[in-house]
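Visitor: Position chain B against the provided structure of chain A, taking the given hints into account.
From first to last, the protein sequence lines stand for chains A and B.
Position 344 of the first sequence, counted from 1, bears residue number 344 in this note's numbering, the numbering being contiguous throughout.
To get this note's numbering, take the position in the second sequence, counting from 1, and add 1000.
Keep in mind the hints are simulated off the structure, nothing from the lab.
Bear in mind the structure is a predicted one, so any value in this text is a computation, not a measurement.
Accuracy of the hints is not assured; some may be wrong.
[Said to hold, decoys possible] Have a look at the derived ranges for each label pair, beta carbon to beta carbon:
(1) B:1401 to A:284: 51 to 59 angstroms
(2) A:271 to B:1380: 34 to 42 angstroms
(3) B:1116 to A:269: 53 to 61 angstroms
(4) B:1307 to A:262: 30 to 38 angstroms
(5) A:325 to B:1380: 32 to 40 angstroms
(6) A:5 to B:1188: 26 to 34 angstroms
(7) A:325 to B:1084: 40 to 48 angstroms
[Said to hold, decoys possible] Here are the simulated DSBU-like pairs of lysine-lysine, each with C-alpha atoms no more than 35 angstroms apart in a straight line:
(8) A:157 to A:12
(9) B:1359 to B:1400
(10) B:1295 to B:1103
(11) A:193 to A:157
(12) A:12 to B:1295
(13) A:400 to B:1103
(14) A:400 to A:12
(15) B:1012 to B:1193
(16) B:1017 to B:1103
(17) B:1157 to B:1193
(18) B:1359 to B:1120
(19) B:1157 to A:400
(20) A:17 to A:400
(21) B:1017 to A:103
(22) B:1012 to A:12
(23) B:1012 to B:1359
(24) B:1193 to A:12
(25) A:103 to A:157
(26) B:1193 to A:400
(27) A:400 to B:1400
(28) A:400 to B:1359
(29) A:359 to B:1295
(30) A:17 to A:120
(31) A:12 to A:359
(32) B:1157 to A:359
(33) B:1295 to B:1017
(34) B:1157 to B:1103
(35) A:193 to A:12
(36) B:1193 to B:1103
(37) A:295 to A:157
(38) A:17 to A:359
(39) A:12 to B:1157
(40) A:359 to A:400
Quick reminder that beta carbons are idealized off the backbone N, C-alpha and C, glycines included.
Number of protein chains: 2
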Amino acid sequence: MADFRLMRELHKPMASKIVLLIMDGLGGLPLDAGGATELESARTPNLDRLAAEGALGQIVPVRPGIAPGSGPAHLALFGYDPLEHEVGRGVLEAIGIGMAVRKGDVAARGNFCTVDQQGKISDRRAGRIPTEEAAPLVGRLASIRIPDVDVEVGHVKDYRFAVVMRGEGLDPALADTDPQQTDVPPLPVRPMKDSAQDTAERFNAWIALAQTMVRDHPRANALTLRGFSSDPALPQFPEIYGLRSACVAAYPMYRGVAELVGMEVLSFTGDAAADEFAATAQSWESFDFFFLHIKHTDSKGEDGDFDGKVAVIEGVDAVLPRLLELHPSVLAVTGDHSTPARMRTHTWHPVPFLLWAPKTIRPDRETSFGERACAHGGLGTFPASDAMPLLMAHAERLTKFGA
Amino acid sequence: MADFRLMRELHKPMASKIVLLIMDGLGGLPLDAGGATELESARTPNLDRLAAEGALGQIVPVRPGIAPGSGPAHLALFGYDPLEHEVGRGVLEAIGIGMAVRKGDVAARGNFCTVDQQGKISDRRAGRIPTEEAAPLVGRLASIRIPDVDVEVGHVKDYRFAVVMRGEGLDPALADTDPQQTDVPPLPVRPMKDSAQDTAERFNAWIALAQTMVRDHPRANALTLRGFSSDPALPQFPEIYGLRSACVAAYPMYRGVAELVGMEVLSFTGDAAADEFAATAQSWESFDFFFLHIKHTDSKGEDGDFDGKVAVIEGVDAVLPRLLELHPSVLAVTGDHSTPARMRTHTWHPVPFLLWAPKTIRPDRETSFGERACAHGGLGTFPASDAMPLLMAHAERLTKFGA
Chain A
1 MADFRLMREL HKPMASKIVL LIMDGLGGLP LDAGGATELE SARTPNLDRL AAEGALGQIV
61 PVRPGIAPGS GPAHLALFGY DPLEHEVGRG VLEAIGIGMA VRKGDVAARG NFCTVDQQGK
121 ISDRRAGRIP TEEAAPLVGR LASIRIPDVD VEVGHVKDYR FAVVMRGEGL DPALADTDPQ
181 QTDVPPLPVR PMKDSAQDTA ERFNAWIALA QTMVRDHPRA NALTLRGFSS DPALPQFPEI
241 YGLRSACVAA YPMYRGVAEL VGMEVLSFTG DAAADEFAAT AQSWESFDFF FLHIKHTDSK
301 GEDGDFDGKV AVIEGVDAVL PRLLELHPSV LAVTGDHSTP ARMRTHTWHP VPFLLWAPKT
361 IRPDRETSFG ERACAHGGLG TFPASDAMPL LMAHAERLTK FGA
Chain B
1001 MADFRLMREL HKPMASKIVL LIMDGLGGLP LDAGGATELE SARTPNLDRL AAEGALGQIV
1061 PVRPGIAPGS GPAHLALFGY DPLEHEVGRG VLEAIGIGMA VRKGDVAARG NFCTVDQQGK
1121 ISDRRAGRIP TEEAAPLVGR LASIRIPDVD VEVGHVKDYR FAVVMRGEGL DPALADTDPQ
1181 QTDVPPLPVR PMKDSAQDTA ERFNAWIALA QTMVRDHPRA NALTLRGFSS DPALPQFPEI
1241 YGLRSACVAA YPMYRGVAEL VGMEVLSFTG DAAADEFAAT AQSWESFDFF FLHIKHTDSK
1301 GEDGDFDGKV AVIEGVDAVL PRLLELHPSV LAVTGDHSTP ARMRTHTWHP VPFLLWAPKT
1361 IRPDRETSFG ERACAHGGLG TFPASDAMPL LMAHAERLTK FGA
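Isolated chain A (complex conformation) (with noise of 0.2 angstroms):
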């Protein structure tokens, strides 16, 4: 449903509730040949009386056989065709790490590099330094000061960071520094466009001030700039679909890429379902729809850890009934893409899907939620961006197309 016409012409109010529950890389993969997932190796008894109740399917993040991001692949699930709204990797980075990026801002993603001394790179990552390394690094950037525009910059990992400039007149249409390769110097900021030669000149006075405070680190020595780019503008979800919608996650990422969408981003303590469940209750009635995301099934199947999987999933599905107490109307359960701990990174196998909807579901035969189940179900594989379709009617949320 890439192009939102259909949703924006037929939507109507309705007093329904809409809980998407995202748990984040939650598609797996068996350790051996034939064996279980993780999410069929969890014991879920909530999640599986849903799925008996329910409908159960798959979807495919971006494209068939295509490993996405976080950016894209929730991006798709908001009902959006990631490759025909792309958001900069710098405005990624930044909102990954919680920092504000506003209309007319320019981002970009920074690598501490190590240059020798004819000024050529020798390492585009510096030796991949440590964050206690490169934090106190970050905090000295931090303060340099540029005529006419505010420079903001983040620490995100290791030989990594943020920049995100403020002023009046910006445009992003500016070339990456990194070369790409070693035994060249970083290139300096190149305009795109006449209109982004007054936004180059001042990246290169902040790079050159930059310089002078990393030149004596020996290995994080001098940087390099690429991915610039500005809020891109997304049409609005509430817009959209008609919907008052809240961000409920705790991640700075995934709030980021709410708010460019327009979601409201709810502030709570604590990282786990039940916080988040909790956060939920307390704005049930201000809100139709709300987008709950569940981090560490991703991170547990980044770091390989399959029965640390295992256990955040028994972690949501016990504290579950406190969601389903509030009695949505309609209830999706799935991923934004899979990361199996046996691959430790994102792929591209479709995600398992679980709809709810005690008014309007048509029942399938499966009666537990897991990968073989879901790629079964009564749903079909569907593209994850037609997800947002199918809870707007599943809400009876949209009137008749024609007559």
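Guide: Then chain B, alone, in the frame of chain A:
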């Protein structure tokens, strides 16, 4: 298959017969969680045999989550993308009661309404006056004469009617006169392009005369027009597929849509499945493709009559042998959308699809015709507009694409 290039390029002559048997609103829901749907409850030995010999799947009428009207739902079954090929509301209303809408005609939907002494609308639907009261009023409107054009008026139901204007140089680019609110007068017909100026004047002249004929009615003392539209000049079905194509439908709406795509509409008496099968038998040699339409599955669904819908399905099954003894090469049995008795309305749920083609079918594991069986069937879940290419292929009427 919104674009017909492949069908146009690849179709070839073959002495095979295709039957597309539509049970309107076929898809259903269980009355109670875990129960059987209407189709699953029905005793259908003949359909079950076809399901066992053939293959099952489920079709998505327009887009996931979208509940379609009959017009777009049938266009999709005929292979058209209903978002690309829209038929105007006025045209659908007119053909729905059997009025002809020819190239150049402009059709509109009409509502009787109630206006107060200042001419402001107090009830947009004239208290939903019943057909007995409205039909005589429509009869009076039919007597209106306007210079240079013919105007036909037909009663639809209750407070609703249809108007078709026929003449030279008419343009349907006209805005609705229904202001969509009360306490304001009906709007005049306004042209949305210069070329529609003349048509607007003629409709305004017609409305002025119509007003004088209804003004003494206690409730239906005024009227509004909306959905001005013309024959959408759809690509023609017989040409796209190279099929001599017949429509066997008792109800005007479906005959009208078939006519818009260029099928030949067969005349016959009665509206039972047996009548349609007899009409099909009579014209068997003259056509390659038969679109058969059974209305009452949908009507019973809209009435909330679960058992009634079951009975209609069983009635069709009982006389199915008469159709089978014609020895179609390919028979598809499906619906245009779901109309679960539990929801009393068209819904977005996928529609059970049965494909039987003794020479070419790849069988699956399913042995009975029902929603759960179709959700797990070998054909998978696919857009309704992909059905025609499948039927063409199974009728061996398509050549290979590429070398």
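Visitor: Can you list which hints this structure breaks, lowest number first?
Guide: 4, 8, 15, 18, 21, 22, 27, 28, 30 and 35
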